[in-house]
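Chemist: Residue strings, one per chain:
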Amino acid sequence: MKSQSEIKVWDPLVRIFHWTLVSAFIVAWLTEDELMSVHAYAGYLIAGLLAVRLIWGLIGTRHARFSDFVKPPTVVIAYLKDLARLKAKRTLGHNPAGGAMIMALIVMLTLTVVSGLMAYGAEGMGPLMEFYRQQASYGSEFFEEVHEFCAHVTLILVFVHLGGVALGSLLHRENLVRSMFTGRKAG
Amino acid sequence: MKKEILLLGLCLCLPILGHADSVTERLAAYETEGARNFDSQSGALAWARKVTVEQGVAQRSCQDCHGEQLTQPGKHIKTGRSIDPMAPSVNPKRLADARKIEKWFKRNCEWTWGRACTSQEKGDILRFLQQQ
Amino acid sequence: MQVSKSIVLLLVSAPLVLGIGVALADRDGDEHEGYWSRWFSSPVAPVETRESALYQEECGSCHFPYQPGFLPSASWIGIMNRLDDHFGDNAQMDEASQRSILAYLTANAADAMNREIPNKVMWSLRYTPKPERVTETAFFRHEHDGIAAYIQRHPNPDISFSNCDTCHTRAMQGFYDERDIRVPGVGRWDD
Chain A
1 MKSQSEIKVW
11 DPLVRIFHWT
21 LVSAFIVAWL
31 TEDELMSVHA
41 YAGYLIAGLL
51 AVRLIWGLIG
61 TRHARFSDFV
71 KPPTVVIAYL
81 KDLARLKAKR
91 TLGHNPAGGA
101 MIMALIVMLT
111 LTVVSGLMAY
121 GAEGMGPLME
131 FYRQQASYGS
141 EFFEEVHEFC
151 AHVTLILVFV
161 HLGGVALGSL
171 LHRENLVRSM
181 FTGRKAG
Chain B
1 MKKEILLLGL
11 CLCLPILGHA
21 DSVTERLAAY
31 ETEGARNFDS
41 QSGALAWARK
51 VTVEQGVAQR
61 SCQDCHGEQL
71 TQPGKHIKTG
81 RSIDPMAPSV
91 NPKRLADARK
101 IEKWFKRNCE
111 WTWGRACTSQ
121 EKGDILRFLQ
131 QQ
Chain C
1 MQVSKSIVLL
11 LVSAPLVLGI
21 GVALADRDGD
31 EHEGYWSRWF
41 SSPVAPVETR
51 ESALYQEECG
61 SCHFPYQPGF
71 LPSASWIGIM
81 NRLDDHFGDN
91 AQMDEASQRS
101 ILAYLTANAA
111 DAMNREIPNK
121 VMWSLRYTPK
131 PERVTETAFF
141 RHEHDGIAAY
151 IQRHPNPDIS
161 FSNCDTCHTR
171 AMQGFYDERD
181 IRVPGVGRWD
191 D
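So the protein lines, in turn, are chains A, B and C. Taking my numbering, the leading residue of the first sequence gets 1, the next gets one more, and so forth. Taking my numbering, the leading residue of the second sequence gets 1, the next gets one more, and so forth. Taking my numbering, the leading residue of the third sequence gets 1, the next gets one more, and so forth.
Where hints are given, some of them may not hold.
No more than 30 angstroms apart at the CA atoms, straight line, and that leaves these computed lysine-lysine pairs for DSS-like [claimed, not checked]:
hint: 1; chain 1: B; residue 1: Lys-103; chain 2: B; residue 2: Lys-75
hint: 2; chain 1: B; residue 1: Lys-50; chain 2: B; residue 2: Lys-75
hint: 3; chain 1: A; residue 1: Lys-81; chain 2: A; residue 2: Lys-8
hint: 4; chain 1: B; residue 1: Lys-75; chain 2: B; residue 2: Lys-106
hint: 5; chain 1: B; residue 1: Lys-103; chain 2: C; residue 2: Lys-130
hint: 6; chain 1: B; residue 1: Lys-100; chain 2: B; residue 2: Lys-78
hint: 7; chain 1: A; residue 1: Lys-8; chain 2: A; residue 2: Lys-71
hint: 8; chain 1: C; residue 1: Lys-130; chain 2: B; residue 2: Lys-106
hint: 9; chain 1: C; residue 1: Lys-130; chain 2: B; residue 2: Lys-78
Covered by chain C, according to a simulated footprint, are these stretches of chain B (three or more residues, beta-carbon under 8 angstroms) [as the list claims (entries may be wrong)]:
hint: 10; region: 70–79
hint: 11; region: 106–118
Hint data in this document are derived by calculation from the structure and do not stem from the laboratory. From the three backbone atoms N, C-alpha and C, an ideal C-beta is built for every residue, glycine too.
The following block holds chain A by itself, in its conformation from the complex (with noise of 0.2 angstroms):
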C-alpha cells in the first residue's frame, strides 16, 4: 500500500479534527435558527475540538505544532507575494499563508462560539446561562448580531481556505485533499 516516496505529515488526530470540524460546522451552519438544540450540539462539539487542538498545537506531533506553522508576518506576505508570481516554494507542512489561515480559522471560530454561547445563554439555555441569572432581561440582540458575523466571516476564510489549497495542489502537482485524508504527502 505506502509508496517509498511517501512520508506521514498530518497525524490521525489532525486529520480527524479536521473532518469533524468541518462536519460540525456545516451541521451548524444548516441547522441555523431551524433546529436550535442540534446547533447547539454541533457548537459544542466545534468548542471541544478547538480546545483539543490549542493543546495539541503545543504538545503534538512535529506538523502539528504551531512552533512548525506560525510565521511572522513578513514571512506570510513575503510567501504570498511568491504565490502571487506561483513561485512559491513547497512545504511539507503548512506553508506560511496556510498556517496564517488556521490560526485565523481558530480565532474566528473561538469567537463565534463565544458569541454563540452567549446569545443561548441569554436565552437561558446552555452553559453560559449563569452569566444571566442576575439579570431580568431576555435575550442578547447584540451577541446574536456578533454570533451570525462572525460565523460569516468564518464562512469566507473557509472558501479563502479552499482557494489555497487548490491552488497549492496545482503549483506544486499535488493532491492536499487527499493528505488530508491519508496523513502522507510525497517525501
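Given the structure of chain A, go ahead and fit chains B and C onto it with the hints provided.
Modeler: Here is chains B and C on its own, set in the frame of chain A:
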C-alpha cells in the same frame, strides 16, 4: 330487543335531524320564557343593527365579525382570525348543536350589544340564520 | 491500526454523548429545572403539541389556540378565571369545559415542560412570574422585535400577533422554525 333496535334507529336519525332539531328545541325553550312569533325579518334587522356599547368606541354589530355575506367566511374584528360562514346552507355545522347556539349567544351578545340578548331576539335571529 | 481505532472511538462516543443529552433533556415534566436540560434540549418539536379538541373549539374559534407551553400555569389560571372579560371580549363557557381546558392548559404549561420554548419562556419570566398574555413575555417580545418594528413602519391589518399561523405556517403543529415563516406581503422572514 325491540327497544335496542328503536334506540339504534334513533341514534342513526340524529345526524339527519341536525339543525332543524336543535333550532326547534331552542325556539320551544324561548317560548316557555315568554317569547312569541319568531320572525326572520326582525332577526335580519337585529343582525345588522349597529349598537353603541360605549361612548367613544365604534358602534358594533354582528356583521363586524361575521361579514355581510353569511355564505362567506367572516373575520374576527380584533384578532383577524377567519370565522367559518354562518349560513347552514354552506356550513352544515352551524345551528346543529343547541348547546353551542346558547354558548355563542351568551358570548357574543355581551360584546356586540353590551348586554344579554332577550329570548325574543335570539328566536328571531335563529329564524333568520336558519334561512341562509 | 491506530487510525481506525480512533475513528471507531469517535463514531461510538459522539452518538453516545448526544444520546445521553437527548435522554436527559427529554424527561418531560420531572426535574424540568435540571441542569443538563439547559445544555441539551430536545431536538424534536420545540413546544408540547398534545392537542385538545375542546381547547381548539372553545378558544381557537376566535384566536390562535396558543400551545399551553407559551405561558406558565399561573397565567393560564388567571386567564381562565376571568373569561367574562377576556381582554375585552366575553369568552365564557360551561363549567365542565372550563375545568377540562384549565386542566389541559396547566398540565402542559411552560412550567410543566422541558422543551425549548417552555424553558425559554420560563427563563424570560424569572423576574416577572405572571404575564397576562402570550405576547407580553420577554421571550415573545425578543423573538418578535424585528417584525414588530416592521409593522410599525408598514401597518398591515392582515398581520396580528393573535394568529401565530398567519406567518408561522406550521404553528398549529407546534413548529416555529424560521424556514416556515411567511409574512403576508413580505414572504420569507430573516431575523
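Chemist: Now, for every hint given, state plainly whether the structure supports it.
Modeler: Going down the list of hints, with the structure as the test:
1. A threshold of 30 angstroms between alpha carbons decides the hint, and for Lys-103(B) with Lys-75(B) the separation of about 19 angstroms falls inside it, so the pair holds.
2. Distance hint between Lys-50(B) and Lys-75(B) is fulfilled; the C-alpha atoms sit about 17 angstroms from each other, no more than 30 angstroms.
3. About 29 angstroms separates the Cα atoms of Lys-81(A) and Lys-8(A), which keeps this hinted pair within 30 angstroms; it holds.
4. Taken as a hint, the Lys-75(B) and Lys-106(B) pair is honoured in the structure, with Cα atoms around 19 angstroms apart against an allowance of 30 angstroms.
5. Pair hint Lys-103(B) plus Lys-130(C) holds up; C-alpha atoms about 29 angstroms apart against a cutoff of 30 angstroms.
6. Proximity of Lys-100(B) to Lys-78(B) is assessed by CA-CA distance (about 21 angstroms); at most 30 angstroms being required, the pair is judged to hold.
7. Taking the CA atoms of Lys-8(A) and Lys-71(A), the gap is near 22 angstroms; set against the 30 angstroms cutoff, the hint holds.
8. Of the supplied pair hints, the one linking Lys-130(C) and Lys-106(B) holds, its CA atoms being roughly 29 angstroms apart against a limit of 30 angstroms.
9. Among the hinted pairs, Lys-130(C) with Lys-78(B) is consistent with the structure: their alpha-carbon atoms are about 24 angstroms apart, no more than 30 angstroms.
10. Counting residues of the region 70–79 of chain B whose CB lies closer than 8 angstroms to any CB of chain C gives 3, so the stated coverage by that chain holds, three being the minimum.
11. Taking a C-beta to C-beta cut-off of 8 angstroms, the region 106–118 of chain B contributes 5 residues in contact with chain C, enough for the three needed, and the coverage statement holds.
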